[in-house]
Amino acid sequence: MNTELLGVIGIFILTIVLAIPLGKYIAKVYLGDKTLFDPIFNPIEKLIFKISGINSAEEMNWKQHLKALLSINMVWFFLCFFVLLFQASLPLNPDNNPSMTPDLAFNTAISFIVNCNLQHYSGESGVSYLSQIVLMFLQFVSAGIGMAAAAMIFTAMKERTTEKLGNFYNYFIKSCTRILLPLSAIVAVALVFSGTPMTFEGKDAITTLQGDHVEVSRGPAAAFIAIKHIGTNGGGFFGANSAHPLENPTYFTNGIELWAQMIIPFAMIFALGFYLNKRKLSNIIFGVMTVGFLLLVVPTVMSEINGNPAIEKMGIAQATGAMEGKEVRFGPAISGFWSIATTVISTGSVNSMHDSSMPMCGAMQLLSMMVNAFYGGCGVGILNYYIFIILAVFISGLMVGRTPEFLGKKIEAREVKIAAFIAILHPLLILAGTALASYFAAHDTAMGYWFNGNATGWLNNPGNHGFSEMLYEYTSSAANNGSGFEGLGDNNPFWNITTGIVLLLSRFIPITGPLAIAGLLAGKKYIPESAGTLKTDTSIFGIMTFAVIAIIAALSFFPALALGPLAEFFTLK
Amino acid sequence: MKNLFSIIKLTAVTLILFAVIYPLAIYGIAQLAPNQGKGETILVNGKVVGYQKIGQKFDKSNYFWGRPSAVDYNAAGSAGSNKGPSNPDYLALVQKRIDTLLLVHPYLKKSDIPSDMVTASGSGLDPNISPQGALIQVKRIAKERKLDEAKVKALVESKINTAIVGPETVNVLELNVALDQLR
Chain B
1 MNTELLGVIG IFILTIVLAI PLGKYIAKVY LGDKTLFDPI FNPIEKLIFK
51 ISGINSAEEM NWKQHLKALL SINMVWFFLC FFVLLFQASL PLNPDNNPSM
101 TPDLAFNTAI SFIVNCNLQH YSGESGVSYL SQIVLMFLQF VSAGIGMAAA
151 AMIFTAMKER TTEKLGNFYN YFIKSCTRIL LPLSAIVAVA LVFSGTPMTF
201 EGKDAITTLQ GDHVEVSRGP AAAFIAIKHI GTNGGGFFGA NSAHPLENPT
251 YFTNGIELWA QMIIPFAMIF ALGFYLNKRK LSNIIFGVMT VGFLLLVVPT
301 VMSEINGNPA IEKMGIAQAT GAMEGKEVRF GPAISGFWSI ATTVISTGSV
351 NSMHDSSMPM CGAMQLLSMM VNAFYGGCGV GILNYYIFII LAVFISGLMV
401 GRTPEFLGKK IEAREVKIAA FIAILHPLLI LAGTALASYF AAHDTAMGYW
451 FNGNATGWLN NPGNHGFSEM LYEYTSSAAN NGSGFEGLGD NNPFWNITTG
501 IVLLLSRFIP ITGPLAIAGL LAGKKYIPES AGTLKTDTSI FGIMTFAVIA
551 IIAALSFFPA LALGPLAEFF TLK
Chain F
1 MKNLFSIIKL TAVTLILFAV IYPLAIYGIA QLAPNQGKGE TILVNGKVVG
51 YQKIGQKFDK SNYFWGRPSA VDYNAAGSAG SNKGPSNPDY LALVQKRIDT
101 LLLVHPYLKK SDIPSDMVTA SGSGLDPNIS PQGALIQVKR IAKERKLDEA
151 KVKALVESKI NTAIVGPETV NVLELNVALD QLR
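Chains as they are written, first to last, in the numbering used here: chain B, 1 to 573; chain F, 1 to 183.
Think of the hints as simulated: they come from the structure by calculation, not from any bench.
This one's a predicted model, so the numbers in the text were calculated from it and none came from an experiment.
Using N, Cα and C, we set each Cβ at its ideal position, and we do this for glycine too.
Just so you know, not all the hints are guaranteed correct.
Label-pair restraints from in silico Cβ distances [unchecked claim]:
1. F:Thr11 / B:Ile40: 20 to 30 Å
2. F:Val44 / B:Ile9: 37 to 47 Å
3. F:Lys109 / B:Tyr449: 46 to 56 Å
4. F:Leu43 / B:His443: 40 to 50 Å
5. B:Lys573 / F:Thr11: 12 to 22 Å
6. B:Glu159 / F:Ile8: 33 to 43 Å
7. F:Thr11 / B:Gly32: 18 to 28 Å
8. F:Lys9 / B:Ile9: 43 to 53 Å
9. F:Asn3 / B:Asp95: 38 to 48 Å
10. F:Glu149 / B:Pro182: 49 to 59 Å
11. F:Lys139 / B:Ile9: 34 to 44 Å
12. F:Leu43 / B:Gly32: 17 to 27 Å
13. B:Leu31 / F:Asn3: 41 to 51 Å
So these bits of chain F aren't anywhere near chain B, every CB distance computed over 12 Å [to be verified]:
14. Lys2
15. Pro23
16. Val104
17. Lys146
18. Lys151
19. Val156
20. Glu157
21. Pro167
25 Å max Cα-Cα, derived DSS-like pairs, lysine-lysine [as the list claims (entries may be wrong)]:
22. F:Lys143 / F:Lys109
23. B:Lys203 / F:Lys143
24. B:Lys28 / B:Lys50
25. B:Lys46 / F:Lys38
26. B:Lys417 / B:Lys164
27. B:Lys63 / B:Lys410
28. B:Lys63 / F:Lys57
29. F:Lys143 / B:Lys573
30. B:Lys67 / F:Lys153
31. F:Lys96 / B:Lys203
32. F:Lys109 / B:Lys46
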């Protein structure tokens, strides 16, 4: 057990240590400074822009950034939607998997353009290899979109007054080619040599040692799994995601995949510090996030190591911890740690089945996504946190009676209104969705077109845990996370369409808000720091931000958590 | 309109880079990997008996058994049970698995059974069990195969994979292949 904890701590520290130099590199990329890799990437990017006829040096204001971002996502949506809808008749389908229904294709296409992986299908039987490759493409570019948005906000935070905030396409392409692609290639190679398949051959039929006939699914998995983590999308190649022994073959690959999903979100925070030359600010932000993360991790890992009290009562040794839905090669400690890393960071890949996690662990997974501000997804993590900084600046400004300012720009009514709207949207989408689904489940409504049968039929577990399944699905959608309490019967029009809408709203509105705030602030007069300025790079301001985050989360979500995992926790004691 | 056309062209170029060149490069490198990146197999007398990483069903009494599986070790798919820890039906199922294990291994005490042997894995294809999960089956195997118990136990111990960090595991298929060769 001790070596298991050692593995967890080792991976976490290694990621932080490597995130600092990567952050420095990312800052250089966005600043346009010279890096070692210029001779490789300059010609590639030049060619990309030349073919597309885009002038990557043209400066854009925040509205132009937003317009470009939304239009390109629209193109991707239609591309992906139609590939999924007609995959059966398209090439690269050796297993003869059927085409998706329109509602499933809608949900899946949205899920991947918003850098989420709410997969209501199983990779082995639900998609062709061509579809997998298109989804993999979206794993690159949707991560690039999040990073490009973050890069625009970095630019807007500079100490000056301007409307010109760099070029969207420039940030986007550089994020993909200079950051995501090389890191993914490294991870993919490590996976290939650890036993993850990378083949275009279909299923293999074998006779097992004791004489059964089985088929074994394979595919071009290694390339997919690398970017799935580097880009924090989390979409599994196989149905069981990173619990699948080919998707995550060893304890070593598990460490690599954990590292891969944490590295860019960590590095982006350090990148902010290098970019603005405000190391202290980024250290404080990283500190607050780390405290929040550890507060979620510790109870989770503890409860998984201690095992299931109900099974312990039957007299079974719990020396190996809670093992339902877990793999022996990982064990409970790092599975618990992963479940918080993946929910905090909006990856949504799983190496154990969250539906079978201990109730305390389930509560922490939910809370990670409800807070949605610690580390966060590729690029968008820092956008979410930015909203809370604005709110904290405003509230602490009121408390000490000073004009609220952030990095020399006055925060006024308009910015605060936008920030408050974004902060409220998240609980609104989660709770409204859960309320709707729970209403149908509680009344066991006949769902007609929307679901084959009565509403309780979509639950895999009774009682409080059943409620948690529905709560988790909407929380995961609203956080653009993608993991699930997968027992939920979610491949039907009701879940495909409602979660599809939640995914869409909770991706593009929380990107628009911070872009707008940053754009508006950038255009304001720069006020140099004086004795009267409220300092935002101090630990006291860090605590203030943490308090704002904690209070909003507690007020919005405590009742829902009490009905779900907390009630289950107390009944299981 | 000109903008939209540019975006479509940009999408096409990035598709070539990320969806064609990148996977083909990894595919090329995979040709140097074990079994050319098609998944490592285990051969007995030149015949493939399984994939090293993929668990398979063992329910005959002369083989070591793996963990319970929600997909019955059908590797054309993969899934966990997704049963919640307090679900009464699930707990009844666990009780049934305990009873079965005790029935087949009458020499066992309940507290000897590790939890991985009565719970389903996340993938349904877990190739491993804990060392304790293998050791509790030694006596049964020795009896079935008319082998010396100490010999079987030594075989299990030789098949325990340890690492600097992480849990100890036993690969059930590898153990059973070695068991077949034990005289």
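For each hint, the structure was consulted:
{"no.": "1", "hint": "F:Thr11 / B:Ile40: 20 to 30 Å", "in the structure": "23 Å, holds"}
{"no.": "2", "hint": "F:Val44 / B:Ile9: 37 to 47 Å", "in the structure": "41 Å, holds"}
{"no.": "3", "hint": "F:Lys109 / B:Tyr449: 46 to 56 Å", "in the structure": "55 Å, holds"}
{"no.": "4", "hint": "F:Leu43 / B:His443: 40 to 50 Å", "in the structure": "58 Å, violated"}
{"no.": "5", "hint": "B:Lys573 / F:Thr11: 12 to 22 Å", "in the structure": "54 Å, violated"}
{"no.": "6", "hint": "B:Glu159 / F:Ile8: 33 to 43 Å", "in the structure": "38 Å, holds"}
{"no.": "7", "hint": "F:Thr11 / B:Gly32: 18 to 28 Å", "in the structure": "24 Å, holds"}
{"no.": "8", "hint": "F:Lys9 / B:Ile9: 43 to 53 Å", "in the structure": "48 Å, holds"}
{"no.": "9", "hint": "F:Asn3 / B:Asp95: 38 to 48 Å", "in the structure": "39 Å, holds"}
{"no.": "10", "hint": "F:Glu149 / B:Pro182: 49 to 59 Å", "in the structure": "54 Å, holds"}
{"no.": "11", "hint": "F:Lys139 / B:Ile9: 34 to 44 Å", "in the structure": "39 Å, holds"}
{"no.": "12", "hint": "F:Leu43 / B:Gly32: 17 to 27 Å", "in the structure": "55 Å, violated"}
{"no.": "13", "hint": "B:Leu31 / F:Asn3: 41 to 51 Å", "in the structure": "27 Å, violated"}
{"no.": "14", "hint": "Lys2", "in the structure": "8 Å, violated"}
{"no.": "15", "hint": "Pro23", "in the structure": "4 Å, violated"}
{"no.": "16", "hint": "Val104", "in the structure": "16 Å, holds"}
{"no.": "17", "hint": "Lys146", "in the structure": "19 Å, holds"}
{"no.": "18", "hint": "Lys151", "in the structure": "20 Å, holds"}
{"no.": "19", "hint": "Val156", "in the structure": "15 Å, holds"}
{"no.": "20", "hint": "Glu157", "in the structure": "17 Å, holds"}
{"no.": "21", "hint": "Pro167", "in the structure": "4 Å, violated"}
{"no.": "22", "hint": "F:Lys143 / F:Lys109", "in the structure": "18 Å, holds"}
{"no.": "23", "hint": "B:Lys203 / F:Lys143", "in the structure": "38 Å, violated"}
{"no.": "24", "hint": "B:Lys28 / B:Lys50", "in the structure": "23 Å, holds"}
{"no.": "25", "hint": "B:Lys46 / F:Lys38", "in the structure": "36 Å, violated"}
{"no.": "26", "hint": "B:Lys417 / B:Lys164", "in the structure": "24 Å, holds"}
{"no.": "27", "hint": "B:Lys63 / B:Lys410", "in the structure": "20 Å, holds"}
{"no.": "28", "hint": "B:Lys63 / F:Lys57", "in the structure": "58 Å, violated"}
{"no.": "29", "hint": "F:Lys143 / B:Lys573", "in the structure": "41 Å, violated"}
{"no.": "30", "hint": "B:Lys67 / F:Lys153", "in the structure": "68 Å, violated"}
{"no.": "31", "hint": "F:Lys96 / B:Lys203", "in the structure": "34 Å, violated"}
{"no.": "32", "hint": "F:Lys109 / B:Lys46", "in the structure": "70 Å, violated"}
In summary, the structure is inconsistent with hints 4, 5, 12, 13, 14, 15, 21, 23, 25, 28, 29, 30, 31, 32 from the numbered list given earlier, while agreeing with the others.
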